[in-house]
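J.: Residue strings, one per chain:
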Amino acid sequence: MKYFKYLVLGALFGIILTKSEVISWFRIQEMFRFQSFHMYGVIGSAIVVGIISIQLIKRNHLKSINGEEIKLSDKKFNHGIWIGGTIFGLGWAMTGACPGPLFAQVGAGANVGAVLIMIVAALAGTWTYSALREKLPY
Amino acid sequence: MQQPWPWYVAGPLIGLTVPALLLIGNKALGISSSLRHVCAACVPAGIPFLTYNWRAEIWNLVFVLGVALGGFIGYQLMGHPDTIAISAETVRDLKAEMGLTDFSGLLPRELFSLDNMANWKGWVFLVLGGFLIGFGTRYAGGCTSGHAISGLSNLQWVSLVAVIAFFVGGLLMTWVIYPKLF
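Chains as they are written, first to last, in our numbering: chain A, 67 to 204; chain B, -13 to 168.
Everything labelled a hint here was simulated from the structure, so no lab data went into it.
One or more hints might be untrue.
Now the in silico label distances, taken between C-beta atoms and shown as ranges [as the list claims (entries may be wrong)]: (1) A:R125 with B:I163: 41 to 51 angstroms; (2) A:R125 with B:F168: 26 to 36 angstroms; (3) B:V29 with A:L128: 32 to 42 angstroms; (4) A:L202 with B:Y38: 10 to 20 angstroms; (5) B:F168 with A:K68: 44 to 54 angstroms; (6) B:T87 with A:L182: 20 to 30 angstroms; (7) B:Q62 with A:H145: 35 to 45 angstroms.
Only a predicted model underlies this, so the values are computations on that prediction, with no experimental measurement involved.
Note that the Cβ used here is the ideal one computed from N, Cα and C, for glycine as well.
Pulled out of the complex, with its shape left as it was, chain B reads as follows (with noise of 0.2 angstroms):
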């Protein structure tokens, strides 16, 4: 069970959650539609587009903790390995090109941590990174879940637009922005 699960396991099972949501309860799958429920129950400021019945969307928010759970039992309780087997390609390229020397864990120490907070790395991939997550998932309607999964299940074009864009954003920063910041 520690061994990371192949494409051809996870890949369907994620494809079930969307039938499996809309039979238990009808609900269409979308994750970044917790933010908004979120800011709308906490800070709703008299914004309109935060002014609405989110008592109503709680299912949403109960599936995002339902997540965290996974996330902690499939991380620690199942068991995972100090570091994932990656392409020998990228490590190469992220050492080469950003430096990186700690390939364990989920994610790299040397980007992802408090300390970090102290100068320009911290900000940028902490805090501006998060902020465009939440920013641009809401202004698209929808993230990789509502859009790349959900979406394109349903045939929808407008999704296969979001997700093109969603493209465009990583590799322009993979591609042309990286390279500038390190």
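Isolated chain A (complex conformation) (with noise of 0.2 angstroms):
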């Protein structure tokens, strides 16, 4: 039950990212394209509302609901982010997907199959990383 929480909140976000479209293929077609603001306008405000509601729990020193401390750790630099990031948003193009919603999609139950097979094919790219992370530029 402790996981419960996660299960409720990982449905709402999934029901948000389903009711904005954002989980279409053809809104990140139309995103790359530069033909609508709906896109833009989705992660944007999203991360502003972010901004301010980190900023608000920093200054404040709010606690999780468990009491503890919140900890947000710094990411660092490294080459794999620009260049696996350039591969990421090489797969982005194509499937129209990110994680996220690849697996609101298999849940919308849109094109079921075909979805499955991205998400193996993603699971096998994530497993050949971690295979090759030693051989590679960072």
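Each chain sits in its own coordinate frame; assemble them with the hints.
T.: Here you go:
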């Protein structure tokens, strides 16, 4: 039961992704062609609200419901950030999905067979990266 | 409820997921990590990067399960339009450049169907596309949720580099590689 809250929050997140249509391949094509403001509005306003929220948490030293100090770790730069980022971007434009939307698409029941193949391929990609990690430039 | 939610409703709600996860469990939003946890749980194969206590990250897998559940609720139970109202220019371009005719659903059937596994389109769009997502996100240390939403919300310049790279890759595919593929 300690995980139930994550199931609920995940479901809310999935509903938002679905109802805002960001899980649609068509919306991603529209975004990369700069033919609609929709995706930029979604991502941009999410970041603005996220920044304000985190500032409020930090400035008020808010604790989590377990009473823990909220810890936010700094991300460190390495060359994987832009090399891997570009590789992901290529896949994002092809599949029209990032990892979150892939899972939401399965639930939505849209082209389930094809989406499951993409998820298995994504797992294979992560596994291959893990195996090659020491040989990759960083 | 069948209508799509406008960006100014959906975006702020997505943004609120970041503090919500921090407040309910001190967890950072990031979906692509789930792919690593599944690999670590199922096929660790002695790989150091996949040898860690993935059980401590079960919350992440449960969250992702929730996202799939949310997809079902949001699409099947709350209703959806048959065809997503994308801009007329995008429809025109996708028809002209990729020869698409069917714009119904979330993904075009002409590219994303099991039948396509019999030709190059299935292998490129489904297998290669999915592979690049899994490989690239882990190499970059995050995806749209971990870097774009969570990372930028915490003002991480590294995440800004990642997001710019996501777009460089996406624009390269859309404007340079697609025209050569079709």
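J.: State for each hint whether it applies.
T.: Structure-based check of all given hints:
Range check, R125 (chain A) to I163 (chain B): Cβ separation about 45 angstroms, and the 41 to 51 angstroms hint holds. For the hinted restraint 26 to 36 angstroms between R125 (chain A) and F168 (chain B), the CB-CB distance of approximately 51 angstroms leaves it violated. Distance hint for V29 (chain B) and L128 (chain A): a CB-CB separation of about 39 angstroms, consistent with the stated range 32 to 42 angstroms. About 19 angstroms separates the C-beta atoms of L202 (chain A) and Y38 (chain B), a value consistent with the hinted range of 10 to 20 angstroms.
At roughly 50 angstroms, the beta-carbon separation of F168 (chain B) and K68 (chain A) lies within the given 44 to 54 angstroms, and the hint holds. The beta-carbon spacing between T87 (chain B) and L182 (chain A), approximately 25 angstroms, falls within the hinted interval of 20 to 30 angstroms. Against the hinted window of 35 to 45 angstroms, the Cβ-Cβ separation of Q62 (chain B) and H145 (chain A) comes to about 43 angstroms, which satisfies the hint.
Hint 2 alone, counting from the list given before, is not met by this structure.
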